[in-house]
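Student: Chains as they are written, first to last, in the numbering used here: chain C, 173 to 375; chain H, 634 to 849.
Read the hints as simulated data drawn from the structure, not as lab findings. Do not rely on the hints blindly, as some may be mistaken.
Claimed, not checked - Derived DEER-like restraints, expressed as beta-carbon distance ranges: (1) A683(H) / N298(C): 41 to 51 Å; (2) F837(H) / N298(C): 37 to 47 Å; (3) E724(H) / H337(C): 34 to 44 Å.
To be verified - Stretch by stretch, here's where chain H covers chain C in the computed footprint (C-beta under 8 Å, at least three residues): (4) 262–271; (5) 344–358.
To be verified - Far from chain C by the CB rule (all over 10 Å, computed), these chain H residues: (6) F638; (7) A677; (8) Q701; (9) F712; (10) L718; (11) L732; (12) S756; (13) I794; (14) N813; (15) L821.
By construction, the Cβ of each residue, glycine as well, lies at the ideal position given by its N, Cα and C atoms.
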Amino acid sequence: MQFQYCGFTTYEKGDLHVLNVKNISVYLDDHLVFKNISFHVKPQDIIIVTGKNGSGKSTLLKTLASLILPFSGSIKKESDLHVSYLGHKNGLRDNLTIFENILFWSKNRKEAEETLQEWQLNDLKNLKINDLSQGQKKRTALAICLMKEADLYLLDEPTTNLDKHFKNLLIKHIENKQRNEKSIIFSSHEGLNVKHTQKVTLS
Amino acid sequence: MRTFFQLFSFEIKTIMSDFGTILISMLFFVICNAVFAFLLAHDAGALRSAGPVIIWITALLSLFNACQNIVKNDLQTDFLTQIRLSNIPIEQFFITKTLAYWVFSGMIITLLSPFFSFMYGLSLEQSHALCRGILIGTLIISFIYHLIAIISQKRTNSLTIVLAIPLSTPIVIISLLMTNKTSEYQHLDTLVGILLINIPLCIFLSTQALKTPLKD
């Protein structure tokens with residue numbers, strides 16, 4: 173098992189770390205998923221986690237979101253770090269409509285309507301999540317995840333089932349978050365044309 | 634931060650969208666009681682003595698059926714993960730969800746019970762006592778059931794019910810004892826006491842269970 177860390181950042185701002193990951197190893201069902209992973213995340217960092225199927229990309233993101241406890245090592249976080257996480261499952265209430273789901277997570281009705289507009293979900297807003305295609309579900313989940321106020325965004329394969337237009341919209345959002353001093357970590361099989369990224373490769 | 638009302642109405646909407654499950658549970662309660670009342674109609678004494686037990690057992694089974702998806706769907710869709718990571722207090726989420734489910738199960742059962750008490754030939758005092766017992770008892774059991782569903786997470790629903798039955802049995806027995814005229818208020822005090830201890834305990838334990846990351 174190898175770990176490769178390549179930093180390309182040119183916009184370091186002080187020593188403030190959002191996350192400090194030190195030598196973490198994770199086992200799932202007695203199976204070693206990855207070991208001795210270390211890296212740190214600062215405000216404005218965009219980190220892409222890449223690797224083969226089963227290399228532990230999703231597990232790493234879940235560990236960073238504190239959903240899985242590492243077997244060894246440590247993850248230090250800012251004391252009041254707010255995390256917005258999008259996993260493989262979309263985190264939506266399947267039997268409610270797109271609008272009801274978005275409205276629940278939004279600050280107010282106006283924000284919900286703007287989000288619908290931006291992700292071109294207006295025409296679908298009264299459809300239940302169960303009745304949507306995978307791409308539409310992904311758009312809804314991404315819209316909610318990126319609408320939330322957070323310091324760190326963890327996106328697991330955000331481009332899956334998205335067409336080119338929405339991939340570009342996602343890139344725009346990621347770059348906006350970066351400008352607003354937020355950090356983003358996402359896993360991806362395919363490249364996403366985002367500038368100033370760092371790469372964590374799991375193998 | 635979302636208000637209690639916002640969370641509550643979101644849960645109500647979710648339950649309403651899967652109203653079939655609730656409807657089946659309530660129909661089960663109504664049909665079972667109607668059938669028993671009909672079968673024992675020839676023996677007024679047996680009807681009176683068995684009535685409260687039948688109402689409680691069918692209430693318990695209806696409650697379990699109505700609450701079977703209380704955690705399952707949120708686990709399957711990862712909605713629970715989103716709640717854990719959000720700034721919504723888990724305690725608030727747990728309380729509102731339990732209450733929303735109780736409104737559509739325990740409360741409806743409580744409202745239907747006087748009708749069946751009348752069919753079973755219970756006295757007015759017995760009927761009042763039974764309703765009070767069901768009102769408080771189903772609320773206690775709803776919290777217990779929700780807690781067990783959270784703790785048993787990826788296990789099957791049947792295991793949740795198997796674990797919930799032994800914890801519910803004392804509540805049912807105390808509630809049934811309330812229908813005895815001489816000791817109603819003594820047992821009512823016990824039930825209210827259990828409710829007051831049960832709610833904060835269930836909230837604390839479920840919050841701890843939801844906050845704890847999965848171990849390797």
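Student: A separate judgement is required for each hint: does it hold in the structure or not?
Tutor: Against the structure, the hints:
| no. | hint | in the structure |
| --- | --- | --- |
| 1 | A683(H) / N298(C): 41 to 51 Å | holds, 49 Å |
| 2 | F837(H) / N298(C): 37 to 47 Å | holds, 39 Å |
| 3 | E724(H) / H337(C): 34 to 44 Å | holds, 41 Å |
| 4 | 262–271 | holds (count 7) |
| 5 | 344–358 | violated (count 0) |
| 6 | F638 | holds, 13 Å |
| 7 | A677 | holds, 45 Å |
| 8 | Q701 | holds, 14 Å |
| 9 | F712 | violated, 5 Å |
| 10 | L718 | violated, 5 Å |
| 11 | L732 | holds, 17 Å |
| 12 | S756 | holds, 43 Å |
| 13 | I794 | holds, 22 Å |
| 14 | N813 | holds, 43 Å |
| 15 | L821 | holds, 38 Å |
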